[in-house]
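Chains G and Z supply the protein sequences, listed in that same order.
Read in order, the letters of the first sequence correspond to residues 1 to 295 in my numbering.
Read in order, the letters of the second sequence correspond to residues 296 to 463 in my numbering.
No lab work stands behind these hints: they were computed from the structure.
Even glycine gets a Cβ: it sits at the ideal position worked out from N, Cα and C.
Where hints are given, some of them may not hold.
[Unchecked claim] Cβ-Cβ distance ranges computed for the label pairs, FRET-style:
#1 G:Met-195 - Z:Val-413: 55 to 63 Å
#2 G:Val-228 - Z:Ser-302: 37 to 45 Å
#3 Z:Ala-317 - G:Arg-103: 42 to 50 Å
#4 G:Glu-16 - Z:Pro-385: 42 to 50 Å
#5 Z:Leu-395 - G:Phe-151: 45 to 53 Å
#6 Z:His-364 - G:Gly-114: 45 to 53 Å
#7 G:Asp-281 - Z:Val-308: 54 to 62 Å
#8 Z:Gly-361 - G:Asp-105: 28 to 36 Å
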Amino acid sequence: MRVKTLMRTRFATVTEETPLAETGVAFAREQLETIAVVRESTLVGLLRARDVETMGPSTVPSLAAHDWAWSQSSLTVGDAATADFAALDPEASVHDAIRLLVRQDVDAVPVVEGAALVGLVTTRDLLSMLLELLESDGPSGLDHVLVMVDFDESTAATVAAGAALARRHRARLTLLHVLPPPLRSLLAPGVPRGMLDWARRQQRERCLVDLGALVPSESAVEVGRLVVTGDAATAIIGTAARLEVDLIVVGSPMRRRFLGPSLTDELIESAPCPVLVVRPDAKAGISSRSAHARR
Amino acid sequence: MRVADCSLAVPPVLLPAASVSAAGQLLALHDATHAVVVEGERLVGIVSRRAIMAAHPSSATSLTRGEIHGRLDQITVGDIMLPDPLVVSPATPLAEAVRLLRDARASVLVVSDREGVVGLITANDLLRALDQLVEPRESASAGTWRSTSEAGRVPATGASGLDRIEHR
Numbered sequence: 001m002r003v004k005t006l007m008r009t010r011f012a013t014v015t016e017e018t019p020l021a022e023t024g025v026a027f028a029r030e031q032l033e034t035i036a037v038v039r040e041s042t043l044v045g046l047l048r049a050r051d052v053e054t055m056g057p058s059t060v061p062s063l064a065a066h067d068w069a070w071s072q073s074s075l076t077v078g079d080a081a082t083a084d085f086a087a088l089d090p091e092a093s094v095h096d097a098i099r100l101l102v103r104q105d106v107d108a109v110p111v112v113e114g115a116a117l118v119g120l121v122t123t124r125d126l127l128s129m130l131l132e133l134l135e136s137d138g139p140s141g142l143d144h145v146l147v148m149v150d151f152d153e154s155t156a157a158t159v160a161a162g163a164a165l166a167r168r169h170r171a172r173l174t175l176l177h178v179l180p181p182p183l184r185s186l187l188a189p190g191v192p193r194g195m196l197d198w199a200r201r202q203q204r205e206r207c208l209v210d211l212g213a214l215v216p217s218e219s220a221v222e223v224g225r226l227v228v229t230g231d232a233a234t235a236i237i238g239t240a241a242r243l244e245v246d247l248i249v250v251g252s253p254m255r256r257r258f259l260g261p262s263l264t265d266e267l268i269e270s271a272p273c274p275v276l277v278v279r280p281d282a283k284a285g286i287s288s289r290s291a292h293a294r295r
Numbered sequence: 296m297r298v299a300d301c302s303l304a305v306p307p308v309l310l311p312a313a314s315v316s317a318a319g320q321l322l323a324l325h326d327a328t329h330a331v332v333v334e335g336e337r338l339v340g341i342v343s344r345r346a347i348m349a350a351h352p353s354s355a356t357s358l359t360r361g362e363i364h365g366r367l368d369q370i371t372v373g374d375i376m377l378p379d380p381l382v383v384s385p386a387t388p389l390a391e392a393v394r395l396l397r398d399a400r401a402s403v404l405v406v407s408d409r410e411g412v413v414g415l416i417t418a419n420d421l422l423r424a425l426d427q428l429v430e431p432r433e434s435a436s437a438g439t440w441r442s443t444s445e446a447g448r449v450p451a452t453g454a455s456g457l458d459r460i461e462h463r
């Protein structure tokens, strides 16, 4: 975002000849600590409330009583204003504005085009922007994200998107893999039940280990792993409801089925929360944003 | 985001009976802009570097330098502190803290839990939070700011965090 879109263009200014004692009105009207000093429309200085205070009488009555000359003082804005200030270009970014405000510890910085004063970027307006950003994150943000892992070509992108969202919202992340229901009677009629159960437990253990390897441990996200057995849609929706997750992240294409609606359609139809579908070739647009913001 | 997600500066602590000159020295020592004023276990106010500067007499005073120092030694933090500062808890949503600070036109919020003061949050801290949240700046950007003083007066960049800004 550019400074020209976030600056205010209506504000009071003073001239160098304005008596210092009269500037209180401008400070009060703008409710700012910084007033621009102009000659014609050219910016020539900044008047800061703290400079006026420092030049002015003590705030403590016993000392102010000795500030005899102040009230009849002939001091003008020109005496207190600083001509050594930095200004922003209208094309500067919001980051530049923030740096300047923080660095100079002021509550407003001027925006100039050529030598002409065209706007003012204020801390107050930026705080309003921060407030909007914080509140547009949704009423409560995300607390728990469920990622459906199929161990196929879409897994990497799906997990990356889920992890980036979880990191951004400081949410918990649960990785879920659904094993198809056993087809014992059909495929292995002669195998003893105990051996099948053992093989199944082995399979679950392996899946849990594989799930654990998907999110690097240094990623600062609390990760849970879950393997359930059953019909994929029923298992995902059931798990989402049980864990009270705020978002389900699935890869696309989901496991194909021979009949009926696709799993994605079914999830979108009946999931208890929003569903995010991630294409296998999706570049992690979410994670790149947080990575850039750090720079 | 909650208040606790921001990095909070731990403020120096003063007693109401401390002299203004001592308060100024303490703030300078800690390179802090604000100190909290406590009485026993209770938070009673905030004193800022700016309030200390404002307590100094104007340049048009009839007092001599020695007299000024003598009198500043007698003025206490309790005389110039801002009583009843705004207090939030670490669990307060950040948005609520931002609104409180903005609407009260305050420069600082005290962050306090049951145990006591855990830190301060200033408008500048919130601006830094905004800096993290807004979209990354577009890579190709023109020169963005300049100083009115002659070329070279702009302090060297790097440590100041201004290293990405080109000078014209």
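Going down the list of hints, with the structure as the test:
1. G:Met-195 - Z:Val-413: 55 to 63 Å: Given range 55 to 63 Å: holds, Cβ gap about 59 Å.
2. G:Val-228 - Z:Ser-302: 37 to 45 Å: Since the Cβ atoms of G:Val-228 and Z:Ser-302 sit about 40 Å apart, the hinted range of 37 to 45 Å holds.
3. Z:Ala-317 - G:Arg-103: 42 to 50 Å: violated, 29 Å
4. G:Glu-16 - Z:Pro-385: 42 to 50 Å: holds, 47 Å
5. Z:Leu-395 - G:Phe-151: 45 to 53 Å: holds, 48 Å
6. Z:His-364 - G:Gly-114: 45 to 53 Å: With a Cβ separation near 48 Å, Z:His-364 and G:Gly-114 satisfy 45 to 53 Å, so the hint holds.
7. G:Asp-281 - Z:Val-308: 54 to 62 Å: holds, 57 Å
8. Z:Gly-361 - G:Asp-105: 28 to 36 Å: For G:Asp-105 against Z:Gly-361, whose Cβ atoms are near 31 Å apart, the range 28 to 36 Å holds.
Of the hints listed earlier, the one the structure fails to meet is number 3.
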